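There are 2 protein chains.
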Amino acid sequence: MAQSQKPKFTLYHGWSSSASRKVRLTLGEKGLAYDGRVIDLRSFQHHTPWFKKLNPSAIVPCLVLENGKILVESNLINEYLDEAFPNPPLMPEDPIDRHEVRRWSKYVDDVCLPAVQKPNWSKSMEPIAKKWSDKELQEHLDAIPSQERRDLWLRMARNPFKPEEIEKALDVLQDMCMKIEAYLKKSGGPWLFGERYTLADINVAPYVFRFEEERPGKLAPLTRDWWARVQQRPGFKAGEIGGYMFDVKRGIDEAMPEPKE
Amino acid sequence: MAQSQKPKFTLYHGWSSSASRKVRLTLGEKGLAYDGRVIDLRSFQHHTPWFKKLNPSAIVPCLVLENGKILVESNLINEYLDEAFPNPPLMPEDPIDRHEVRRWSKYVDDVCLPAVQKPNWSKSMEPIAKKWSDKELQEHLDAIPSQERRDLWLRMARNPFKPEEIEKALDVLQDMCMKIEAYLKKSGGPWLFGERYTLADINVAPYVFRFEEERPGKLAPLTRDWWARVQQRPGFKAGEIGGYMFDVKRGIDEAMPEPKE
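If you read the sequences in order, they're chains B and H. Residues in the first sequence are numbered consecutively from 1, following my numbering. Residues in the second sequence are numbered consecutively from 1, following my numbering.
It should be emphasised that the hints constitute simulated quantities derived from the structure, not laboratory data. Please note that a few of the clues may not be correct.
Copies of the same chain look alike in the list, so a pair counts if it works inside one copy or between any two.
Stated by the list, open to error - Simulated pairs of lysine to any residue, SDA-like, Cα-Cα distance not exceeding 20 Å:
id: 1; residue 1: K106; residue 2: E148
id: 2; residue 1: K53; residue 2: E213
id: 3; residue 1: K106; residue 2: V72
id: 4; residue 1: K168; residue 2: P145
id: 5; residue 1: K106; residue 2: E83
id: 6; residue 1: K260; residue 2: S133
id: 7; residue 1: K52; residue 2: S146
id: 8; residue 1: K53; residue 2: P89
id: 9; residue 1: K106; residue 2: R149
id: 10; residue 1: K106; residue 2: K249
id: 11; residue 1: K186; residue 2: I70
id: 12; residue 1: K52; residue 2: D142
id: 13; residue 1: K135; residue 2: E181
id: 14; residue 1: K249; residue 2: G31
id: 15; residue 1: K131; residue 2: P221
id: 16; residue 1: K8; residue 2: I144
id: 17; residue 1: K8; residue 2: L32
id: 18; residue 1: K179; residue 2: K249
id: 19; residue 1: K186; residue 2: A238
id: 20; residue 1: K162; residue 2: E214
id: 21; residue 1: K8; residue 2: D97
id: 22; residue 1: K106; residue 2: S57
id: 23; residue 1: K52; residue 2: P257
id: 24; residue 1: K186; residue 2: P216
Only a predicted model underlies this, so the values are computations on that prediction, with no experimental measurement involved.
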């Protein structure tokens, strides 16, 4: 944390989680200090009873406010932060553009997140899950509140993603990068919606980071320049996005101890 | 349309579509006039090339503005309408409450929409789809841009929802109604977020309507009173929500002619 204020928030997050990275970028851009609690996703900390008491959806990130209110869903946390701490503003002024930023963020969540999970989980979760006995697997699955997540873990344990599935997922991220190029062409830059850096830029940035790691050098010209600019934002440094396997390892090393009840 | 102003919008919608109903309720609450174009979902009008040119996602509702801009996604259309036409305001003032309205609307979309599709599609789509030959089925599937929708049509045609699946889906809607009860208890009413009628009330209303049709008389006391109040809103009448099979039939009778290119 580079910020100097007294922390207002506690952020439960994963270093390698794209959704957590989005929120760290927004906190960084706003210059908001926070107490970070690192959740080790690989040891299932987010599926433990104490975390599910905090957040029944059992997902990161999860932002706890000073008054104890708990916010989840990265796009909606970011929109909260922008409304509660308006400087600098991270949404366009025009209602049509605001609609389009929300639609873009929903696309990133609905389409790009399931895509990035394939290379990510293959690297970080599969080596662990495939070693489980059937009994261990069942215990792990029983702790997961969402069918979608249960399916993912079951796949990692018994039927991991094939290389062609991972390539197809990376094609989805490549298509995302082409959409960024189209936005930049239309707006004239320097950001997706023109002169103002917005949540549209922030919410997609962690996915571009992962795409660049997996298929380096493939960004189209406007997107390449945009991406260089994103990485020069002060908020980007504060967001502490590292190489994927570096951040997975960091997540293990820095995992918070399980709180005593 | 009870409104008297000159229409500002063209709304492509389905009478029986819950997402379309949400947007009609918001237009009604704001007193905004619109040209309605009824899309017959049963004859696949939303999968025709001319409609996909308008909206590549091939879903209703779809709101076309005076300047030609096309908005999709019912929650996000409603938030646009609230920002562009602020009277009466349909979002709370407090940023935390605003976050929670968005999260509630996302829950309705992610959880209640897939649930309501089971009884709805069994009634309206299954009788049609099951008559298709394999060749006809394939032609229909090829026109659908989303895997999720292809899966739904494939199920309707060859492996329709079983009664126990439909009951389980209605349990999801019953759980939604219990959440409404909890909100009303917490806020003290008369609306989910207190004194102000908001998008949280509007976005869930079509789902409560369907639940009441399928399992009449099951609403808890606060929810029953809230539901009576919702139906007395002037915007509710303008939204023209009819019985499900009545609206399916109305959708066929009033379907717009395919435009000549």
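task = Mind listing which of the numbered hints don't hold for this structure, in increasing order?
result = Failing hints, ascending: 2, 6, 8, 10, 13, 14, 15, 16, 18, 19, 24.
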